[in-house]
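K.L.:
Based on the hints, put chain B in the right spot on chain A.
If you're matching them up, the sequences are chains A and B in order.
Under the working numbering, the first residue of the first sequence carries the number 144, and numbering increases by one thereafter.
Under the working numbering, the first residue of the second sequence carries the number 171, and numbering increases by one thereafter.
Keep in mind the hints are simulated off the structure, nothing from the lab.
Fair warning: there could be bad hints in the mix.
Claimed, not checked - The calculated EDC-like cross-link candidates involving lysine to aspartate or glutamate, where the alpha carbons are at most 20 Å apart (straight line), are:
no.: 1; chain 1: A; residue 1: Lys-563; chain 2: B; residue 2: Asp-385
no.: 2; chain 1: A; residue 1: Lys-145; chain 2: A; residue 2: Glu-183
no.: 3; chain 1: A; residue 1: Lys-646; chain 2: B; residue 2: Glu-296
no.: 4; chain 1: A; residue 1: Lys-145; chain 2: A; residue 2: Asp-303
no.: 5; chain 1: B; residue 1: Lys-509; chain 2: A; residue 2: Asp-645
no.: 6; chain 1: A; residue 1: Lys-685; chain 2: A; residue 2: Glu-671
no.: 7; chain 1: A; residue 1: Lys-685; chain 2: B; residue 2: Asp-288
no.: 8; chain 1: A; residue 1: Lys-167; chain 2: B; residue 2: Glu-449
no.: 9; chain 1: B; residue 1: Lys-362; chain 2: A; residue 2: Asp-645
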Amino acid sequence: MKLPLSWLKDYVDITESIDVLCKKMVDIGLEIEELVYLGENVTNVKVCQIVEIAQHPNAERLLCCKVDIGEQIIPIVTNDHHVQVGDKVPVALHGATLANGLQIKKGKMRGEESWGMFCGPEELGVTKDMYPNADVDGVLVLLPTAVVGEDIRKEVGIDDYILDVGITANRQDCNSVLGLAREVAVALGKECKEPDVSYTECQVPTRDLVTAEVQDFDVCPSYFMQGVVDVKIEKSPLWMTSRLAKVGLHGINNLVDITNYVLYEIGQPMHAFDQADVSDKTIIVRRAKDGETIVPLDGKEYTLTNEDLVIADKSRAVGLAGVMGGANSGIKDSTTCVLFESATFARGNIRRTSRRLGLRSDSAARFEKGIECATNILGLNRALHLVEQLGAGRVAKGAYCLGKMPETKTIVFEQSRIAKLLGITIEEQRIVSILQSLNIQTSIENGVVTCIVPPYRDDISRDCDIIEELIRVYGYDNISGTLMENSHITSGGKTSDDTLVDKAREVLNGMRYNECIFYPFGGKALFEKASLEPIDESAYIKLLNPIGEELSMMNRSLAPNMLQCASLNLSRKNSHLKLFEVGKVYLSDVLPLVELPEEQKRISICATDTTFDCFRDDVLQVLYAFCDKATLQRSAQSILHPGISADIVVDGEIVGFFGKIHPQIAENFNIETSCFYAELNFDLLKTKVRGAIKYQPIAKYPSITRDFAFVADEDVPAQGILDVFLALPLVEDAQLFDVYRGEQLCAGKKSLAISVVFRDLNKTLQDSDIEKQVAKALKNIQEKFGACLR
Amino acid sequence: MADKIFEIQTVCCQELEKCDCLQALQDLRVRYLGKSGELTALLKSIKDLAQEERPAFGNKVNELRKLLETLFANKTTALKCSEMQRKLQQEKVDISLTTMQPRGALHPVTLVEKTICDLLIAMGFEVLSGPEVETDYYNFQALNIPADHPARDMQDTFYIAEGILLRTQTSCMQARHMEKKQPPIKMICPGKVYRSDSDASHSPVFHQIEGLVVDENITLCDLKGTLQYLASHLFGEDTQVRFRPSYFPFTEPSVEVDLTCSNCHGKGCSLCKGTGWIEVLGAGMVNPVVLENCGIDSTKYTGYAFGLGVERIAMIKYGIPDIRLFYENDVRFLKQFGK
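Looking at chain A on its own, in the form it has when it is part of the complex:
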């Protein structure tokens, strides 16, 4: 809300500096989003009077003037031939700066001294709404009342501050000069003046001008209307247009300007109908019929529904209530009789109508936040007062007052509640004086506080609201920090899920993987880069109102974002990447969603410039943070290279997969180096977590280690051979320690070197004890894998 300091001063006597004022406003909850001094860029410009004009001796188009700036007469050269001796004009002196950034210096123009420059309205940042004739293209001739030697900012009304005040969503009542004045008065400990709403009614009754009727009070709880006759449409006085200009509005005509003025000053959106355009002299406030059409001020046709509220005459809708007036019932130069409407429309309806039709207006924005019926009356009366003050017409007798009338609210609560909530006690007298300053009539008897809340404070409905009012004025700096000494002791902690995730992170960090975080959504283009085939869009949970297509679908895999990140890093010459993410995928069988989807936690891991073996060991290391027994099988994951990838199986379920990225997908992401990817299903993995640690006795008897080398076909899995050994009762461990391929073997063969540890927990093993087992294993391996000892 833009608040000109000069306007505020109509209501509160402010002697404090602007800095003090701003600080006090911030302290009670009015955020100063921006503070602008209108004359900030206009310095060292004064009012001067021209005392002599002569033709420049060396230039036909220039004039040499002598001007009085108060303390001295100085020479000014100008090219504006309209100026006359005796005119008072703005002069920018040596060192002056102007609104357009221009800097002025003393100098000679074609050999003649000029100690400055006459200014036009643009150079001062002044418009015709702010100063008479300020639309001239040339030097601005000031009013005869201007004081010679005075700072020009005072004369043209730019010696003013505009405070842009941030108002919280509950304080609609502050969305006006008056509303803010009430708060400022409290902040400064001063009185707030009431707006002048006096006027004299003439003999013509409003009822003769119009019949007003509200059909749906649920969406229009209060509706006031009063007429003005003998209207003279003309320009508004400068003081009014100047104020409107400061809040960003152009002067239109006296009647329209009055409604705008009241909008800003009182916070009441008003509408002025030309009575001549209201057919049958009837105004009906009603819900629109489904399919009814309307052409409001913007000239476009809109189709309405029963949700929308319209202002209608007997035959048709003429305006969208609270959103926009009708195209043909507005104020024209020929208007002689005006009907002022001041009403409250249900904020939900206004909001929905305005959103659905895409029609935004200042008044809709205010109705959406809620307007009190007390404001209806104040706004209407203020407008009528201004009509009289401006001589814009005569106020008709009586008004339509339909619906609700302003009500005060009474809130009663125990005084002890204050300390209970705030943790500090405030003196009784202080409580009363603070609340009174907010126009909340307060009494305290026997520890019971009774408050009567003014009608414009819609936001106050119970004790805690009153307590908030109290503390924001009393000052939050009076709250001291305590650490819940009077509450119960609770045992805090993480969930077991979080503990497991932390463990996985710890393991990954230890192996030099860096954690990434991605947006959990993406777009079709990205997802298809990470797929060999076109994706099935219908399987994805989609945002109804995404920022863009590229952020419109919730993840079903962590791979696309991770691969995109790898690609980005590689393109920036970051190599040997080791990355991981703890993320989620969002899955649902029923789309569009009717209930919340499954949010499945997963861990994605990515490494580049490495080998399958190294990457597999890293992935398994993470897996061992959860469980011991995992087996690998060839993976069918289409994003992976079919020969260089594996699924991880625990207890018969696939808990994840890893491998080299499929060359086609690597190409899609412009990844030229070797790139490996793994994705683990955390939610499944956490169900496989090993039990509590239980001590196992350390073997007392020595072990026997035997090494074997098998020659096998390329596609024989080493793990298969190991598993044969591991299945033997005396085998404690079996490990692959070397793989050989080369000259000494036939093509398509490899040699696997395996070390097997045998141990009996109850006695020292003799070679003879294991011979039989070894023979059995070798036979088994020969039969199963066709592998023989080398």
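P.N.:
Structure of chain B alone, referenced to chain A:
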């Protein structure tokens, strides 16, 4: 014969003196003290002596054996010692030769989240998590934000379906938790939240930590104390906390919380736009409407709640200028947080 003993002693001592390696020493020992060594030979020659001279001679040879054994032992120790010295001098590595890479880093969001959670766990808070795809009820209605409430404009919401949206705040967990549990409640809920907003200081996805305490005798002073504790651990002992009046539908009173600028310590700088204060979070006393919505007796219990932006804290703490850096995941950015 006595001469022979003396001669052996003298020669052996001379040879011992010259001996400069363990192998030579071992050979020498075999030569003198071995089974067929000189001393054994000497002792065998006892048979050439008269019967009465034999005991004295035997004693002398044994004395010599003892002496030589001591000398050999000493020499062994000395040689081992010098050999080790020589080895120590020879063995030298290039201590600068390393291919070590530092351990991986947690994402700064995780790092800040973890720091804050650990601090609050120590105060008895339990850490919870909730769904990101959330119902309108938990994200808005339960928090005293009915349909068409102007406060809905405060947050640009991503919608998924009728009544289903991406949560705009972790506050949803307030209602979810209170429905299940009666006071005393001390909980925090970190997680992703979503708003339809994107520039240098706004990201459509960011992280919040919600804090909620509901119990008997919980006051606004407790809120300030808790935040003061957090602030001083996050930004340094001298960090001050300031409350400013604000509005959230689910708290009453509601406050914006400022901290003294960690960059200038309150003197005023470009980071805090000269004010000396930085706005870090929103908080307040739980609105009794919210307690009642969740079936908690609002006359008996009071509570406080706060919601802080994790990236915002990280940006201030580490001096990160642009929120988009968090989601770009350039490793040169990520690695900085592994220290």
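K.L.:
For each hint, tell me whether it holds in the structure or not.
P.N.:
We went through each hint and held it up to the structure:
Taking the CA atoms of Lys-563(A) and Asp-385(B), the gap is about 12 Å. The hint holds against a cut of 20 Å. Restraint check: the Cα-Cα separation between Lys-145(A) and Glu-183(A) comes to about 17 Å, which is no more than 20 Å; the hinted pair holds. Annotation: proposed proximity of Lys-646(A) to Glu-296(B) holds, straight-line Cα distance about 18 Å (limit 20 Å). At most 20 Å may separate the alpha-carbon atoms for a hinted pair to count; Lys-145(A) and Asp-303(A) meet this at roughly 12 Å.
A threshold of 20 Å between alpha carbons decides the hint, and for Lys-509(B) with Asp-645(A) the separation of about 17 Å falls inside it, so the pair holds. Our distance criterion of 20 Å between C-alpha atoms is met by Lys-685(A) and Glu-671(A), whose separation comes to about 16 Å. For the given pair, Lys-685(A) sits about 35 Å from Asp-288(B) by alpha-carbon distance, which is inconsistent with the 20 Å threshold. Restraint check: the Cα-Cα separation between Lys-167(A) and Glu-449(B) comes to about 18 Å, which is no more than 20 Å; the hinted pair holds.
A distance of roughly 17 Å separates the Cα atoms of Lys-362(B) and Asp-645(A); the hinted pair therefore holds under the 20 Å criterion.
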